[in-house]
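> Residue numbers (this note's numbering), protein chains in the order written: chain A, 42 to 304; chain B, -5 to 355.
Honestly, the hints are just simulated from the structure, not real lab data.
Idealized CB from N, CA, C, for every residue including glycine.
Possibly wrong hints are sitting among the right ones.
Unchecked claim - Within a straight-line C-alpha distance of at most 25 Å, the following computed DMTMM-like cross-link-like pairs (lysine to aspartate or glutamate) qualify:
id: 1; chain 1: B; residue 1: Lys(-3); chain 2: B; residue 2: Asp217
id: 2; chain 1: A; residue 1: Lys87; chain 2: A; residue 2: Asp278
id: 3; chain 1: A; residue 1: Lys129; chain 2: B; residue 2: Glu51
id: 4; chain 1: B; residue 1: Lys54; chain 2: A; residue 2: Asp179
id: 5; chain 1: B; residue 1: Lys71; chain 2: B; residue 2: Glu51
id: 6; chain 1: A; residue 1: Lys173; chain 2: A; residue 2: Asp211
id: 7; chain 1: A; residue 1: Lys237; chain 2: B; residue 2: Glu148
id: 8; chain 1: A; residue 1: Lys96; chain 2: A; residue 2: Asp278
id: 9; chain 1: B; residue 1: Lys110; chain 2: A; residue 2: Asp179
id: 10; chain 1: B; residue 1: Lys27; chain 2: B; residue 2: Glu193
id: 11; chain 1: B; residue 1: Lys62; chain 2: A; residue 2: Asp76
id: 12; chain 1: B; residue 1: Lys101; chain 2: A; residue 2: Asp211
id: 13; chain 1: A; residue 1: Lys125; chain 2: A; residue 2: Asp211
id: 14; chain 1: A; residue 1: Lys129; chain 2: B; residue 2: Asp11
id: 15; chain 1: B; residue 1: Lys208; chain 2: B; residue 2: Asp18
id: 16; chain 1: B; residue 1: Lys100; chain 2: A; residue 2: Asp278
id: 17; chain 1: B; residue 1: Lys71; chain 2: B; residue 2: Glu91
id: 18; chain 1: A; residue 1: Lys125; chain 2: B; residue 2: Asp11
id: 19; chain 1: B; residue 1: Lys110; chain 2: B; residue 2: Glu172
id: 20; chain 1: B; residue 1: Lys62; chain 2: B; residue 2: Glu148
id: 21; chain 1: B; residue 1: Lys71; chain 2: B; residue 2: Asp106
id: 22; chain 1: A; residue 1: Lys127; chain 2: B; residue 2: Glu51
id: 23; chain 1: B; residue 1: Lys206; chain 2: B; residue 2: Glu221
id: 24; chain 1: B; residue 1: Lys216; chain 2: B; residue 2: Asp275
id: 25; chain 1: A; residue 1: Lys237; chain 2: B; residue 2: Glu91
id: 26; chain 1: B; residue 1: Lys318; chain 2: B; residue 2: Asp291
id: 27; chain 1: A; residue 1: Lys125; chain 2: B; residue 2: Glu127
id: 28; chain 1: A; residue 1: Lys125; chain 2: B; residue 2: Glu51
id: 29; chain 1: B; residue 1: Lys(-3); chain 2: B; residue 2: Glu148
id: 30; chain 1: B; residue 1: Lys208; chain 2: B; residue 2: Glu248
id: 31; chain 1: B; residue 1: Lys100; chain 2: B; residue 2: Glu127
id: 32; chain 1: B; residue 1: Lys71; chain 2: A; residue 2: Asp211
id: 33; chain 1: A; residue 1: Lys88; chain 2: A; residue 2: Glu78
id: 34; chain 1: B; residue 1: Lys27; chain 2: B; residue 2: Glu221
id: 35; chain 1: A; residue 1: Lys127; chain 2: B; residue 2: Asp11
id: 36; chain 1: B; residue 1: Lys54; chain 2: B; residue 2: Glu24
As the list claims (entries may be wrong) - Okay, the calculated beta carbon distance ranges per label pair:
id: 37; chain 1: A; residue 1: Ala167; chain 2: B; residue 2: Pro85; range: 48 to 56 Å
id: 38; chain 1: A; residue 1: Ile58; chain 2: B; residue 2: Gly134; range: 43 to 51 Å
id: 39; chain 1: B; residue 1: Asp80; chain 2: A; residue 2: Tyr121; range: 17 to 25 Å
id: 40; chain 1: B; residue 1: Asp80; chain 2: A; residue 2: Ile299; range: 47 to 55 Å
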Amino acid sequence: MKHNTRNVYLIPYVLWIVLFVVAPILLILYYSFFDIEGQWTIANYKKFFTPIYLKMTFSSFWYAFLITVFSLLIAYPTAYLLTKTKHKQLWLLLIILPTWVNLLLKVYAFLGIFGTYGLANAVLEALGVGTKQILFTDFSFVFVSVYIFIPFMVLPIFNALEELNPSLVDAARDLGASAWTTFRRVVFPLTIDGVKAGCQAVFIPALSLFMITRLIAGNRVITLGTAIEEHFLVTQDWGMGATIAVFLIIAMAIVVIITGNRK
Amino acid sequence: MSKDVIIRFEHVTKQYDGLVVLDDVSFEIERGKFYTLLGPSGCGKTTILRLIAGFIEPTKGTIYFNGKNINHVPANKRQVNTVFQDYALFPHLNVFENVAFGLRVKKMKYADIQEKVAEALRFVNLEGYEHREIREMSGGQRQRVAIARAIVNEPEVLLLDEPLSALDLKLRTEMQYELRELQRRLGITFIFVTHDQEEALAMSDQIFVLHKGKIQQSGTPKDIYDEPVNRFVADFIGESNILPGTMIADFLVEFAGKRFECVDQGFYPNEPVEVVIRPEDLEITTRDQGKLQVRVDSQLFRGVHYELCCYDQHGNEWLVHSTKKAEVGEEIGLYFEPEAIHVMRVSEAQEVSDGEGSDET
Ligand SMILES: Nc1ncnc2c1ncn2[C@@H]1O[C@H](COP(=O)(O)OP(=O)(O)OP(=O)(O)O)[C@@H](O)[C@H]1O
Ligand SMILES: [Mg+2]
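Could you build the full structure based on these sequences and the hints that come with them?
So this is what it looks like as structure tokens:
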């Protein structure tokens, strides 16, 4: 009896999952087997394994990797400093605050800053470097993406560091470990779950970025995300778009499994 | 033989945001002895250990180690190891790697590490537990891993922050013997923290009694038990009857409305004092044979002895430990030797002597 009542509470959740998660994925899978004329085919899958799409997949992974690595390199020290400051909750809030601002607004702000007559070029000019093409480069794309994703990396790492028992650090020092050894052998291994969670939260969305890519990188960077967008909105080849999406979903699942062996 | 001082605190004060946790503490630790810091919760025991280990620096004053000022020497450069109050074992490493941590940091050869770890684990009766994870160990076993992890480094000084508090009575007594034995065998200095006075009395060469960030008294267990300098120490170390009294002259003290012969001297005539008599120094006799007459108010059987709570006609409470039984409500006599009376200056209760005050013996 008790078991049944509990299942009743699960109904809304299950409905939600089925309608908005399972059904769309099945739909994508279904569409991936049709060509542009609406004929059943597996040609889309064959096409995916041609050099163009493989290169696109590779560059998606490469950029997602870069974005994750830079986010981690910046976020870990930030989170660490944050745990040592007095008003850590306030500082944390300030770091999270930008995530409440609409993504498009932030990206447009960077268009202004990185533009030919923007702040960045004004600074370069003043330093005597001269005006540079900053927008529509790999650099600006990675930079803006890292900026966008950093809060998602800081938060789980901050939480992991907060949970770390400070006397473990004392114990390592007591046993003769230098600050660096303490970090390498105690602090980092014990906050690895936070790092994994942060990497997941950054790598997976970074894999399918398309809006930042379009606006900041222009046509310089072509990733799976931009390819899907193009197939659905421009060439109307839904079948191919869906096929790429299937591979993207598989890739994400693999990433989750690799980084996901948390207790 | 001159004293071989390894650690010296000179007027050390520690404050946290203006809150004084240690108040102008001075003392000396001699090499190769077993010291105990004894005091109630929050009195600053752990703080002293943290200062010695180097996790915190004194707000004022100086700490010397082998004659050198070590105020600013970081923890990893000190010849000191700690057994932490909460064990602080590394949860991501197994027992072997926890114990091996310090040796690995020193880049010792693996074969030597194996040998030393095995030896340390043997000492704490944890042979064969090398490959256990920490979360698979019981509280008492964890404490023993923590002890092994510290002693394996052969420090000059070992700091132990209530290392036996999680053990059951039997294992605890056993470990007390073994720790004491280990200390003698290794010849290293132990600084042991406890709030259990019996443990302190049983194990130490020297005890520091702490209260509110000050050392109330330091001395051998016998000194501290027999000659508490103030009310706090008398109360904290064992149970005692503490009464107001007057020192009439040398070897003569008045309390509970009567005069008694005693062994104390050197007080001003008619100086107000506090008198301490330990419950086990009181003997039950008949009303007429007793030096004091009291009425038994309650009686508890404590295993080895009966604990009687009695009142005299002035309303003073008397705690008596006796192997003899009495009847509740009965009038009995209490007999005690002159040596059982310990006289304390009242002023010492407020103005306590610190480290230097221990040379009265
Ligand atoms: N980091 C800190 N910040 C502020 N106050 C502290 C800090 N560490 C300790 N204290 C205070 O210092 C006092 C002494 O603490 P300490 O840990 O030395 O006590 P203790 O004698 O070891 O007690 P226990 O027997 O409970 O372990 C306590 O009142 C405690 O609240
Ligand atoms: Mg403590």
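> Below or equal to 25 Å on CA atoms is what counts here, so check lysine 206 of chain B against glutamate 221 of chain B.
The hint holds at about 21 Å.
> Quickly compare the C-alpha distance for lysine 216 of chain B and aspartate 275 of chain B to 25 Å and report which way the hint goes.
Answer holds: lysine 216 of chain B to aspartate 275 of chain B is near 15 Å, not above 25 Å.
> Just to be careful, I want the Cα atoms of lysine 173 of chain A and aspartate 211 of chain A compared with a cutoff of 25 Å; is the pair within it?
Not satisfied, since the Cα-Cα distance of roughly 49 Å exceeds 25 Å.
> Given the hint that lysine -3 of chain B pairs with glutamate 148 of chain B, test it: the Cα-Cα distance must not exceed 25 Å.
It holds: about 22 Å lies between the C-alpha atoms, which stays within 25 Å.
> Would you mind confirming whether the straight-line C-alpha gap from lysine 127 of chain A to glutamate 51 of chain B stays at or under 25 Å?
holds (19 Å)
> For the pair supplied as a hint, lysine 208 of chain B and aspartate 18 of chain B, is the alpha-carbon distance within the 25 Å limit?
holds (7 Å)
> Given the proposed pairing of lysine 125 of chain A with aspartate 11 of chain B, does the C-alpha separation stay at or below 25 Å?
holds (16 Å)
> Please work out if lysine 237 of chain A and glutamate 148 of chain B have their alpha carbons no farther apart than 25 Å.
violated (38 Å)
> Regarding the pair lysine 27 of chain B and glutamate 193 of chain B, is the alpha-carbon distance no greater than 25 Å?
holds (16 Å)
> Sort out whether glutamate 172 of chain B lies within 25 Å of lysine 110 of chain B, counting only the CA atoms.
holds (18 Å)
> Under the criterion that the straight-line Cα-Cα distance not exceed 25 Å, is the pair lysine 110 of chain B, aspartate 179 of chain A satisfied?
violated (55 Å)
> Taking the CB of aspartate 80 of chain B and the CB of isoleucine 299 of chain A, does the distance hold inside 47 to 55 Å?
Given about 34 Å between the Cβ atoms, the range is violated.
Hints 4, 6, 7, 9, 11, 16, 27, 30 and 40 from the list above are not met by this structure, while the remaining hints are.
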